[in-house]
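Peer 1: Listed below are the residues making up each chain.
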Amino acid sequence: MPSSKVMTAAEAVARFVQPGAVLGMGGQNIGRCPMALTHEIIRQRIGGLTVVGCNLSLSMDQLAAAGLIRRTECGTGNLERFGTTFCWRRGIENGSIEIEDYSHLAMVSRFLAGEMGLPFMPVRSLLGSDLLWAPDGAATPGKAVVTENPWDPTERVVLVRALCPDVSIVHAQRADPLGNVIIEGFATHEPEMIRASRRVIVSCEELVSTEEIRAHPERTTIPFMYVHAVVVQRYGAFPTSTYSYYDYDGAQISAYQDAARIGPPATDEYLRRHVAECATFDDYLRRATDGDRLMALTKAMQELM
Amino acid sequence: MATAREAAFSRQELMVIEAARQLRDGDIVFVGTGLPMLATALAQRTHAPHVVMVIESGVIAPQLRRTPISVSDPKAMYRAMKLGTLREVLGCLLQRGLIDVGFVGGAQIDRYANINSTQIGAPGAMKRRLPGSGGANDMASHCRRLLIITHHEKRRFPERCDYVTSPGFLDGPGGRARAGLNPDFAVTVVTDLAVMENDPQTCALRIVRLMPEISVDHVRAETGFRPETAPDLGVVPSPDADVLRTLRHDVDPERVYLKSEDVASPVRR
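These protein sequence lines are chains A and B, in that order. Residue 231 in the working numbering is what sits at position 231 of the first sequence, and the numbering runs on without skipping anything. In the working numbering, each number is its position in the second sequence, counted from 1, plus 1000.
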């Protein structure tokens, strides 16, 4: 049995996130984005990343604002009511970010292939659409292959390639020191993505004992063997929400979006104040909120439960 | 008795109410955030209490109490029967064929109901990047019925989409079958000017109902292609006062999605 994987965000990111890595991004939209781990990647300036996931939102856009993304493979980039992911959009439009587009089911099917040790997975989405092709409209082999069902040639499917991120970052509710992870509430594409990844860093709201994991094994979403680092970080998804712990903070999401909409130098200034000048995520939380704000977000979640 | 104030309604309110009317009691609806969620919640609270909502973040059968602003907003999960994964809802319900209606918001929609939410400009000649497919391609690929709610503007209704993110009827009759998609498919588009549905023969969107005081010419002037009219062209009925009250006071009381400026210039019965 391995020993404790608990470490700081700085240690985990320095050990497991390499420049040029394919980075699996957890969370969806304004829920459970791994913000503490993302801030650490920005502080350590680890660039040339290929960011992959289903819906990429605040955490991805801050990496884009920091100039650390070379490419994304995803289903969407946006923040719904808070607007689009402006830095990502700017990067695609000016050619600094390459993109490979999929539907959300096609992306999760790629992780599903990866987690089961298969080279590809059939889906019945994408048929007839321009998502089958490369961004320039060319029918490049390698993105998706339309083929027929060998048992019923009248039926057509699309094969999409397995996707195994070099490292994934996820924020969860609870984990034990060995890396057993409990995700509560909606889980998006994370179970498939985590099990497909070569390395996984999980930040969590609370560290629980392995005895507690053993007492309720049915609650374990991801067993320890997939996870390489456990970072304990209260409010580690702030300003996005963590189901059953705290609601999202609309004002703080908007504060970033106001800068992102403008781009540099507003985004540089945002990242300097909220990331670079903060030695830890707790420093950022102190800077971005007064003491009552985090408690109010916790109360708001309790009222929703 | 409805008061005079209740009797006045905005075109956006009627659009949401008319979209809600499209849902049948018991339908399992795969629903996007914004106006689709409002209309589905309204249907649940009025004529279709057994409508089941499915949300792509993994939420199955919630009973919305307050208006969520995202598929991952905790408010979208209120009293759900299951909080699962994206694969469970997009794969095991939608691709599996267990969803009756896919319900999406506005984007670019062309004559054959193809949807673009990826980019303005053709592949290789992008002018503006949009958010992308999300679950929309999956919904359009696997639902038997696609319901679209959007404001009616010429730029949203081109003759042909720059980029087909989500398949409607593709290039017309037989298009879906040729691509390997289920041909058993129907589209309804509810806008603030009209309701359009696919012509069963030509597959092109045509006007089936007009919003009150809106003419066919008005709709055509705001549409990038020339929609035909259905033989039994009708008018969208005005809302019942109690439905309007439910929409305003129970479904979106904070007016997160219902625009207040619309009420300032209401349509009157």
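By construction, these hints were calculated from the structure, which means they are not laboratory data. Misleading hints may appear alongside valid ones.
List time: in silico DMTMM-like cross-link candidates among lysine to aspartate or glutamate, alpha-carbon distance up to 20 Å [as the list claims (entries may be wrong)]: (1) K1082/B <-> E1159/B; (2) K1082/B <-> E218/A; (3) K1075/B <-> D1100/B; (4) K1082/B <-> E93/A; (5) K1127/B <-> D166/A; (6) K1127/B <-> E98/A; (7) K1075/B <-> E184/A; (8) K1154/B <-> D1100/B; (9) K1127/B <-> D1100/B; (10) K5/A <-> D166/A; (11) K1154/B <-> D1252/B; (12) K5/A <-> E303/A; (13) K1154/B <-> E1254/B; (14) K1075/B <-> E1228/B; (15) K5/A <-> E277/A; (16) K1075/B <-> E303/A; (17) K1075/B <-> E1222/B; (18) K1127/B <-> E303/A; (19) K299/A <-> E218/A.
Peer 1: Find the hints from earlier in the document that the structure breaks and name them by number, from lowest to highest.
Peer 2: The structure conflicts with hints 1, 3, 4, 5, 8, 9, 11, 12, 13, 14, 15, 17, 18 and 19, although it agrees with all the remaining ones.
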